[in-house]
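Q: The chain contents come next:
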Amino acid sequence: MNRTVTDQLAELIRINTSCLPEDVESALVSARAAATSPAELQVLDALLENAHLARDGATPVCQDTGTPTFFFTVPPRTDEVSLRKAAEAAAERATANGWLRRNTIDTLTGASIDSNALPGEMPVCHFRADPDAKAVTVSLLQKGGGSENMSRQFSLPDGELGAGRDLDGVRRCILRAAWEAQGYGCAPGILGVCVGGDRAEGYLAAKEQLLRPLGDDSPDPALAELERRVLREANSLGIGPMGLGGKTTLLGVKIAVRPRLPASYFVTVAYCCWACRRHTVTLKTEGGAL
Amino acid sequence: MIEVRYPFTETVVRNLHAGDAVRVSGRVCTGRDRFHKFLADGGECPVDLRDGALFHCGPVVVPEGGSWRIVAAGPTTSIREEPYEADAIARLGIRVIIGKGGMGANTLEACRRFGCVYLQAVGGAAALTARRIRRVAGVHFLETFGATEACWEWEVEGLEAVVGMDAHGGDLFAKVREASAARLEALGKEDA
Numbered sequence: 000m001n002r003t004v005t006d007q008l009a010e011l012i013r014i015n016t017s018c019l020p021e022d023v024e025s026a027l028v029s030a031r032a033a034a035t036s037p038a039e040l041q042v043l044d045a046l047l048e049n050a051h052l053a054r055d056g057a058t059p060v061c062q063d064t065g066t067p068t069f070f071f072t073v074p075p076r077t078d079e080v081s082l083r084k085a086a087e088a089a090a091e092r093a094t095a096n097g098w099l100r101r102n103t104i105d106t107l108t109g110a111s112i113d114s115n116a117l118p119g120e121m122p123v124c125h126f127r128a129d130p131d132a133k134a135v136t137v138s139l140l141q142k143g144g145g146s147e148n149m150s151r152q153f154s155l156p157d158g159e160l161g162a163g164r165d166l167d168g169v170r171r172c173i174l175r176a177a178w179e180a181q182g183y184g185c186a187p188g189i190l191g192v193c194v195g196g197d198r199a200e201g202y203l204a205a206k207e208q209l210l211r212p213l214g215d216d217s218p219d220p221a222l223a224e225l226e227r228r229v230l231r232e233a234n235s236l237g238i239g240p241m242g243l244g245g246k247t248t249l250l251g252v253k254i255a256v257r258p259r260l261p262a263s264y265f266v267t268v269a270y271c272c273w274a275c276r277r278h279t280v281t282l283k284t285e286g287g288a289l
Numbered sequence: 000m001i002e003v004r005y006p007f008t009e010t011v012v013r014n015l016h017a018g019d020a021v022r023v024s025g026r027v028c029t030g031r032d033r034f035h036k037f038l039a040d041g042g043e044c045p046v047d048l049r050d051g052a053l054f055h056c057g058p059v060v061v062p063e064g065g066s067w068r069i070v071a072a073g074p075t076t077s078i079r080e081e082p083y084e085a086d087a088i089a090r091l092g093i094r095v096i097i098g099k100g101g102m103g104a105n106t107l108e109a110c111r112r113f114g115c116v117y118l119q120a121v122g123g124a125a126a127l128t129a130r131r132i133r134r135v136a137g138v139h140f141l142e143t144f145g146a147t148e149a150c151w152e153w154e155v156e157g158l159e160a161v162v163g164m165d166a167h168g169g170d171l172f173a174k175v176r177e178a179s180a181a182r183l184e185a186l187g188k189e190d191a
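First to last, the protein sequences are chains G and A.
Each residue of the first sequence is one higher than the last, beginning at 0 in numbering that gives the first Met the number 0.
Each residue of the second sequence is one higher than the last, beginning at 0 in numbering that gives the first Met the number 0.
FYI, nobody ran anything at the bench for these hints, they're computed from the structure.
Misleading hints may appear alongside valid ones.
DSSO-like cross-link-like pairs, simulated, lysine-lysine; straight-line CA separation at most 30 angstroms [to be verified]:
| no. | chain 1 | residue 1 | chain 2 | residue 2 |
| --- | --- | --- | --- | --- |
| 1 | G | K246 | A | K36 |
| 2 | G | K246 | A | K174 |
| 3 | G | K283 | G | K246 |
| 4 | G | K84 | G | K246 |
| 5 | G | K133 | G | K283 |
| 6 | A | K174 | A | K188 |
Computed footprint of chain G on chain A, listed as stretches where at least three residues anywhere in the stretch have a Cβ under 8 angstroms from a Cβ of chain G [unchecked claim]:
| no. | stretch |
| --- | --- |
| 7 | 2-12 |
| 8 | 19-27 |
| 9 | 42-52 |
| 10 | 91-99 |
Here a beta-carbon is modelled for each residue, glycine too, at the ideal position from N, C-alpha and C.
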């Protein structure tokens with residue numbers, strides 16, 4: 000019996016909302032091992048216990064189940080409308096099951112859209128066509144609002160930061176964003192960064208970097224070096240888990256680059272809380288049909 | 000670990016100091032963005048918060064058997080309520096604020112003046128926090144604000160937190176912010 004795409008996407012939400020990715024959990028374990036202050040130990044112990052409870056009980060890791068954001072990579076001539084509808088049905092089902100919070104608000108009236116599904120608008124779906132793809136692959140990112148509020152975009156040069164249009168300027172922007180976030184975005188965080196692009200592409204590419212595993216390096220040696228350096232320097236700020244002070248302020252920094260206009264040089268930082276919920280699956284479809 | 004239980008008297012609250020680990024029990028009410036805006040616009044608070052605790056929290060709830068199951072709960076970022084909180088403390092007699100990330104100078108001053116503390120719960124530890132909620136005693140504004148922004152009245156037992164801001168001007172977050180600002184400045188002087 001082949002499960003429908005809706006079934007598979009609902010299952011993806013259930014796993015993603017309740018199971019912290021292994022690499023993120025490992026990073027928290029390492030942070031716990033490095034911690035010395037009572038507050039940092041208390042917070043990290045609670046986060047690790049919470050991760051186990053959520054996984055065992057299939058309940059959300061964090062009550063802010065975030066904006067469910069699906070990144071679909073699709074073969075040519077894929078029916079994207081059907082995928083979007085399946086994502087909407089999956090979000091509605093996941094909400095009824097308590098895997099997603101009633102987390103969608105009509106911006107002007109303030110009314111709660113209890114289903115978390117709005118045709119064509121929610122959940123958020125991004126599509127990328129891959130001419131070589133044989134099947135649909137989908138990554139789900141659930142990033143909470145507290146961390147989304149701490150994302151930043153800088154336009155270089157920035158005189159106040161002493162940041163020019165070079166990698167040292169980029170470094171200054173990223174450190175500034177990590178500092179501004181303090182404990183507001185649920186540190187220890189993960190930073191997805193985009194250098195270049197227009198404003199919209201910058202935010203999207205920065206967010207997409209959050210899908211990268213913590214252990215990988217940018218394929219560009221200069222960016223890989225910058226990722227390591229900024230991570231090290233941010234962790235010397237002493238902000239620590241929840242902004243209570245400590246050794247681990249960030250778990251990772253992931254930097255991408257995009258072409259830009261001559262007039263623009265944006266550095267966009269997507270701040271993700273420690274509960275960086277991401278998971279990727281390949282959809283199984285009967286005879287290639289959706 | 001210091002145990003505090005509703006009703007929270009001024010004496011109990013003034014004996015807490017930034018950095019103390021506490022466990023909160025008894026009645027706790029949630030209120031977040033919509034609630035604070037509603038109060039600021041002149042709305043009447045539907046619950047008696049005198050000597051009470053206000054929890055910045057929007058839970059995951061599922062209706063069950065005529066009541067509600069709290070699936071996940073935890074603190075939301077408190078700084079968004081900074082424009083409103085000092086007035087709320089003065090007007091409603093709130094003694095305990097529970098949230099995450101800390102608040103600003105106006106709230107700190109209201110804590111000092113009226114006898115209130117800000118407790119930092121563990122952000123995102125929603126499965127853990129949900130286990131501390133023993134009973135749903137009531138809910139207000141469910142229709143108008145929705146389940147996430149509604150004011151939930153809960154009985155909690157042993158909710159773990161750290162005193163982030165006390166009634167004597169003590170503020171853990173401000174210390175971290177200042178020290179990290181100095182370090183950031185030093186990093187800015189390092190070579191590219």
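Q: Taking 8 angstroms as the C-beta cutoff, is the stated coverage of the stretch 2-12 of chain A by chain G satisfied by three or more residues?
A: violated (count 0)
Q: Straight-line Cα separation of K84 (chain G) and K246 (chain G) no greater than 30 angstroms?
A: Outside the cut-off at roughly 44 angstroms; violated.
Q: With a cut-off of 8 angstroms between beta carbons, are at least three residues of the stretch 42-52 of chain A near chain G?
A: Not satisfied, violated; 0 residues make the cut.
Q: Holds or violated: K174 (chain A) with K188 (chain A), Cα cutoff 30 angstroms?
A: holds, 22 angstroms
Q: Is K246 (chain G) within 30 angstroms of K36 (chain A), Cα to Cα?
A: violated, 36 angstroms
Q: Between the alpha carbons of K283 (chain G) and K246 (chain G), is the straight-line distance 30 angstroms or under?
A: Violated: K283 (chain G) and K246 (chain G) sit about 43 angstroms apart, past 30 angstroms.
Q: Given the hint that K133 (chain G) pairs with K283 (chain G), does the C-alpha gap stay at or below 30 angstroms?
A: holds, 11 angstroms
Q: Would you check the hint for K246 (chain G) and K174 (chain A), treating anything up to 30 angstroms between C-alpha atoms as holding?
A: Holds: K246 (chain G) and K174 (chain A) sit about 15 angstroms apart, inside 30 angstroms.
Q: Using a Cβ cutoff of 8 angstroms, are there at least 3 residues of the stretch 19-27 of chain A near chain G, or does the coverage claim fail?
A: Answer violated; 1 residues pass the 8 angstroms Cβ test.
Q: Confirm or reject the coverage of the stretch 91-99 of chain A by chain G under the rule of 3 or more residues with a beta carbon closer than 8 angstroms to the chain's beta carbons.
A: It is violated, with 1 qualifying residues against the three required.
Of the numbered hints given earlier, the model fails hints 1, 3, 4, 7, 8, 9, 10; all others are met.
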